[in-house]
Amino acid sequence: MSDGNDLTRRRFLGLAGQAGLTTFAARAIGVNLGLVEVLSAETKSSLQPFSFALITDSHLFSIDNHKFDKALADAVAQVNALTPAVDFVMYTGDIAQNGREDQLVKGKKILSQLNSPLKVIPGEHDWYLDMGKAWNGLFGKETWSFDHKGVHFIGLNSILVRDFWTGAGMTPLQRMQTLEMLESPIAGPWGVRDAQLEFLRKDVKKLASNTPVVIFTHSPLWDYYPRWNFQTEDAPQIREILSKFDHVTSLHGHVHQTIYNKFGNISSAGALSTSWPWPYPPVKLDYPGSQMNQSDPANVKDGMGSQSLAFDASGGATVTYEPFANSLTPFLKDGVKV
Amino acid sequence: MKITNKKVCLGIGAVSVGLLGALSLYARPPFTDAQIAEQQQELLEVVNHGRDLWHGSNPDMSTNGLACGNCHPDAAASNPNTFPKYVPQLARVAAMREMINWCVVHPQNGKDMDLNGADMIALEAYAVYLYRGQKLDPGYTLPLPPDPVKSGVGYPHTPSGIGVDK
Chain V
1 MSDGNDLTRR RFLGLAGQAG LTTFAARAIG VNLGLVEVLS AETKSSLQPF SFALITDSHL
61 FSIDNHKFDK ALADAVAQVN ALTPAVDFVM YTGDIAQNGR EDQLVKGKKI LSQLNSPLKV
121 IPGEHDWYLD MGKAWNGLFG KETWSFDHKG VHFIGLNSIL VRDFWTGAGM TPLQRMQTLE
181 MLESPIAGPW GVRDAQLEFL RKDVKKLASN TPVVIFTHSP LWDYYPRWNF QTEDAPQIRE
241 ILSKFDHVTS LHGHVHQTIY NKFGNISSAG ALSTSWPWPY PPVKLDYPGS QMNQSDPANV
301 KDGMGSQSLA FDASGGATVT YEPFANSLTP FLKDGVKV
Chain D
1 MKITNKKVCL GIGAVSVGLL GALSLYARPP FTDAQIAEQQ QELLEVVNHG RDLWHGSNPD
61 MSTNGLACGN CHPDAAASNP NTFPKYVPQL ARVAAMREMI NWCVVHPQNG KDMDLNGADM
121 IALEAYAVYL YRGQKLDPGY TLPLPPDPVK SGVGYPHTPS GIGVDK
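As you go down the protein sequences, you meet chains V and D in turn.
Counting in my numbering, the first sequence runs from 1 upward without gaps.
Counting in my numbering, the second sequence runs from 1 upward without gaps.
Everything labelled a hint here was simulated from the structure, so no lab data went into it.
Ideal Cβ placement from N, Cα and C applies to all residues, glycine included.
Some hints could be false.
[What the hints assert, rightly or not] To give a feel for the contact side, a few chain D residues facing chain V, derived at Cβ under 8 angstroms: (1) H55; (2) N58; (3) G65; (4) Q89; (5) A91; (6) C103; (7) P107.
[Said to hold, decoys possible] Listing some non-contacts, in silico: residues in chain V with all C-beta distances to chain D over 10 angstroms: (8) A85; (9) V105; (10) L138; (11) G167; (12) G169; (13) F199; (14) D286; (15) N326.
[Claimed, not checked] What follows is a set of in silico ranges between Cβ atoms, one per label pair, in the way DEER data are often shown: (16) S62(V) with K135(D): 41 to 51 angstroms; (17) N48(D) with D334(V): 21 to 31 angstroms; (18) N48(D) with M131(V): 27 to 37 angstroms.
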């Protein structure tokens, strides 16, 4: 890990050093050309440069000393080594593999080694054994928002499905196992559903349109590959509610891979997991360069890692991927402007 | 009447011609539709068994909870149409079954499988079935094209429309 940590520090120091003008200029010629620059000019006086880290999809098993325990601990060490320290750490779901309380407890214990405060939303693997009871007990509400240094952050639970189990007479374990299979069609599409859409409407109602917004969900807010629930069914409603903002950054887990997209006023980035990489689905991408290298199955660390996001004073933000191995393409290596 | 060898030969010849004529009148494909349906059903049963194994139904295949499906949903990136090929982990050209076995023994930390056993054939059948129609392309290519899975058994691949602005 020492090499990786040194690299992490260097990369982060580089990012911190170029906060402001450089990132602004990069964005002006990069993928986020448009309204954001207006936002930056108007709000930069109230914004302070800062960063946060994102860890996701650890899929911990109940087995002692499982290799995924070590992988999550490695991600925690990566994040703790970032200099300057991140203001907080976001976890975008799937701490557990089978929704068991002992798996969630183990995850919470490993994550407690973080030097920064932790914010969490659930994934389907955390939820469907007891419908979130253990998760809520350990991590609190799954729907939340807060303001930090001029940026508005929102967390939603995007893995809610219609009741497929009662009519089928399924046990909680069968329900969980159905959700564990990525390509199973039984559970149907995920979404945030009406109550959270209402929360979102109320939450952003009084915010000025030039407020930078970051929204966290487990699944992407665009129609990536629904067969694997690389989607959120009510994402169109979410996008409509957020359409008043000049710019929104959507960060998500679930896909276990680097992926970038931009639609309307939203920039979206997927996160590296700490457990295993999913293959890229057969989808033509607008930003194919955001695909990481095909992972080498013989390298147990390839295709996994953590990431951080740095805001500069202009309101520009850059996602920096921190893979455990050499997984990044040139598009990804210097960070992705979001 | 004296039966000569010549007459016998002529007789046999006439009967043979007659039989061939009769067979041609009642010619049929090697298998009837019913037989083909039965064979396909047998195949699908094996494919379905393979799908279950792919998703962890045989505990001998894993000691750490991982199954093939963890890294290869829809058999994605298993690329059965590229085997046999050089497999770096084995340092030789290998069949897909050997690659499956490598995954079982290493990432899944499971028991070495019988390469010709029913379970291995089922795993191979599942992956190949999901890649049916794909071009045979032996050898490792980098970068591989997007995962070519078209559809699975019992999992209709419907166009999404989900999450799309109306």
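Practice prompt. Determine which of the earlier numbered hints do not hold for this structure and return their numbers in increasing order.
Written response: When the structure is compared with the hints, numbers 2, 5 and 17 turn out to be violated.
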